[in-house]
Amino acid sequence: MNRLRAWAADHVRAGLGALGRLSRTRLASGMTAAVLGIALALPTVFMLLLQNIENAAGDWDRGTRISLFLGVGLDEPAYRAMADELAGHARIRHTRVITPEEALEEFRTLGRMEATLELLDDNPLPPLIVVTPQAELPAADLEHLLDELRGYEGVEQARLDLEWVQRLQAIMELVRRGIWLVAVLLALTVVLVVGNTTRLAIENRREEIVIAKLIGATNAFIRRPFLYEGIWYGLGGGVLAVVLVEAGRAALVGPARELSRLYDAGPLLQGLGAGGIGWVLLCGMLLGLLGSWLAVGRHLSAVEPR
Amino acid sequence: MGGTPIIRFEQVSKRYPGGHEALSGLSFSIGRGEMVFLTGHSGAGKSTLLKLIPLLERPSSGQVLVAGVDLAHLGARRIPYLRRRIGMIFQDHRLLMDRTVFDNVALPLVIVGLSHREVGRRVRAALDKVGLLGKERVYPVMLSGGEQQRVGIARAVVTRPPILLADEPTGNLDPALSEEIMRLFEQFNRVGMTTVIATHDLALIERMRQRNLVLRDGRLVEDRVAGVAA
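Top to bottom, those sequences are chains D and P. When the letters of the first sequence are read in order and numbered with the numbering used here, they come out as residues 1 to 306. When the letters of the second sequence are read in order and numbered with the numbering used here, they come out as residues 1001 to 1230.
Treat the hints with care, since some could be wrong.
Short derived list, chain D residues pointing at chain P, Cβ under 10 Å [what the hints assert, rightly or not]: (1) R3; (2) A6; (3) A9; (4) D10; (5) D147; (6) G151; (7) W164; (8) I211.
Computed far set for chain P versus chain D, every beta-carbon distance over 10 Å [stated by the list, open to error]: (9) P1080; (10) R1085; (11) S1115; (12) L1143; (13) E1168; (14) D1174; (15) A1203; (16) E1206; (17) E1222.
Restraint ranges, calculated between C-beta atoms of paired labels, are given here [claimed, not checked]: (18) H11(D) - M1097(P): 41 to 51 Å; (19) R1015(P) - W279(D): 52 to 62 Å; (20) W279(D) - Q1063(P): 32 to 42 Å.
It is worth saying that the hints were derived from the structure and are not from the lab. Just so you know, even glycine gets a beta-carbon here, dropped at the ideal spot from N, CA and C.
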C-alpha cells in the first residue's frame, strides 16, 4: 500500500515536473505543440470529411430503386398482386405501384407536357412497380436481383441506375485508403517530432541525468519525466487539433447548412462529438508517448556517469 | 573491526581501453565503520579505485565485494540500489546549478521515494549538520567553494548511507577550510559511516591519525596508520 502510494506520488511528481518544465519554455513547447496540432488536425479533418460524405452517401444508397415497367396490357389486380408478391422477397424492402393514371397525373403536374398529352387519345404509359431493395445491399447483389426481376412474367423492362452507386463506392474506397495513408504519415511525423524534441531535452539535461544516476536513480525514475513530456506534447497537440478542426467547421457550417437545405439533405458537416474529441486526444497522447519512449530508449543509455 | 569487511578488493586490476593499466593486483579490506585515507600521486589510481566501488567502472580482473556481495554478479538493474547505499563526494561538487540548495540535497530522497514532509525534515537535518541551514533557498552559484562542497556532503549523507566515498574533497580549498571539511567527515564516521577519502593533502592526514592506503602506479605500496611513527 505504501509502495503503491510512493509509486503514484512519483508519477504525479514526474508528470507535474514535466508540465512545469514545458511551461517554463512556453514559446518553444508551444511551437512544438503547434506542429503536432497541425499534423493531427489534417488527418482528423480528412476523416471527418469522409465520415460526413459517407453519412450523406448513405442516404443516396438508401435511395437506390429498381423500376419495373410492365406490359401495357396487364390489368390492375394482376400487377397489384405481383407487387405484393415481390414485397415478400428477401432482398426487397418494399414495393410501390404507380398506375398509368397516376403516372399521367405526374406528367401533367410537371407542366409543359400538357399540350403533348392532349394529342393522345389513350394513356400510353405502362404500369410501374418501384422496387426498393434492402438497404446496404452490395452492388453485385443488386445486379443479381435485377436479373431475377427481368425474368418475371409481365416485366417488359427493369432499370437500375447502378453504375453511379458502384462508382461512388469505388471512389469512397480510394479516398478512404488515401486518407489512411496520409494519417499514417502524419502520425509518423508526430512520433518523429516528439522523438527529436525528447532527444534534445535529454541532451540539455545530461548533467542532471548523470548526477541522478550517480545518486542511485533507477532508469525508470530517469525515464519518467521524459515520457510525461511526450504525453503532454501529444495532449497539447491533440487539443490544438480539436480547436483547429472545430474552428474550421464553425467557419463552414453556415454555407453547409444552406447547401443542405437546398438539397433537402440531412445535416452536413457534423462535428467530432465527444467521442471523436476523445479519440484525437488519446491518439495524440499515445503518439507522443511512443515518440518519447523511442527516443528515451535510444539516447538515455548513452548517458552514463564516469 | 570483526565480521565481514564492508569493502574488499581481491587482486583487482583495471586496464582502460588503449592499454593504460590504472590498477594492478590490488588487495585490501576495509572494515565496517573504518575511516581510511587513500593517497598517492595524481594518476596513481585513487579515482579509479573509488569508481569501482559504486560500479562507475568495472574491474578488468579480480573481485570487488561490497557488504559481502561480489559486484561482478550485480546486474545493471541493481546498480541503482548499490549506489543508494554509497554517498559520493566529488572535487567539483557536481551540484545542479539551476536548482536550489534544498533541491540538490533533496534529490537522493526524492529518488528513494520519500514523502514530501520526510524529505523536508531530513534535508534540513543534513544542512544543519554541515552548517548551511540558512541557505536552503539559495542557488549553488551564490555560495563559496567551501560552501558548495558542504552542499555536496549534505547530499551524500542525507540518506544516511553506510559508505561514504570522497574523491579529493578538499582539492580546491585553503588549509583551514580543508581541515573543517575533514572534521566533518570525522563526525559522520563517528556515527558509523565507513568513510574512504582520496586526497593528496599529506599534512592534513598526518594530523587526522587514521588508516592510510598509499598507491603508486596502480599498486598498493603501503597500508599504515598515519601520524604514528613506524
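Checked hints:
1. R3: holds, 8 Å
2. A6: holds, 4 Å
3. A9: holds, 7 Å
4. D10: holds, 6 Å
5. D147: Result: violated, 70 Å to nearest chain P Cβ.
6. G151: violated, 76 Å
7. W164: With Cβ-Cβ at 64 Å, over 10 Å, it is violated.
8. I211: For I211(D), the interface hint holds, since the closest Cβ of chain P sits about 6 Å away, which is under 10 Å.
9. P1080: P1080(P) is in fact no farther than 10 Å from some Cβ atom of chain D, at 5 Å.
10. R1085: violated, 8 Å
11. S1115: violated, 7 Å
12. L1143: holds, 17 Å
13. E1168: holds, 16 Å
14. D1174: holds, 26 Å
15. A1203: Consistent with the label, A1203(P) stays out of reach of chain D, its closest Cβ about 30 Å off (over 10 Å).
16. E1206: holds, 31 Å
17. E1222: The assertion about E1222(P) holds, with a minimum of 28 Å to chain D.
18. H11(D) - M1097(P): 41 to 51 Å: Taking Cβ atoms as reference, H11(D) and M1097(P) lie about 27 Å apart, which means the hint is violated.
19. R1015(P) - W279(D): 52 to 62 Å: With a Cβ separation near 57 Å, R1015(P) and W279(D) satisfy 52 to 62 Å, so the hint holds.
20. W279(D) - Q1063(P): 32 to 42 Å: Given range 32 to 42 Å: violated, Cβ gap about 57 Å.
Violation of the numbered hints given earlier is confined to hints 5, 6, 7, 9, 10, 11, 18 and 20; the remaining hints are satisfied by the structure.
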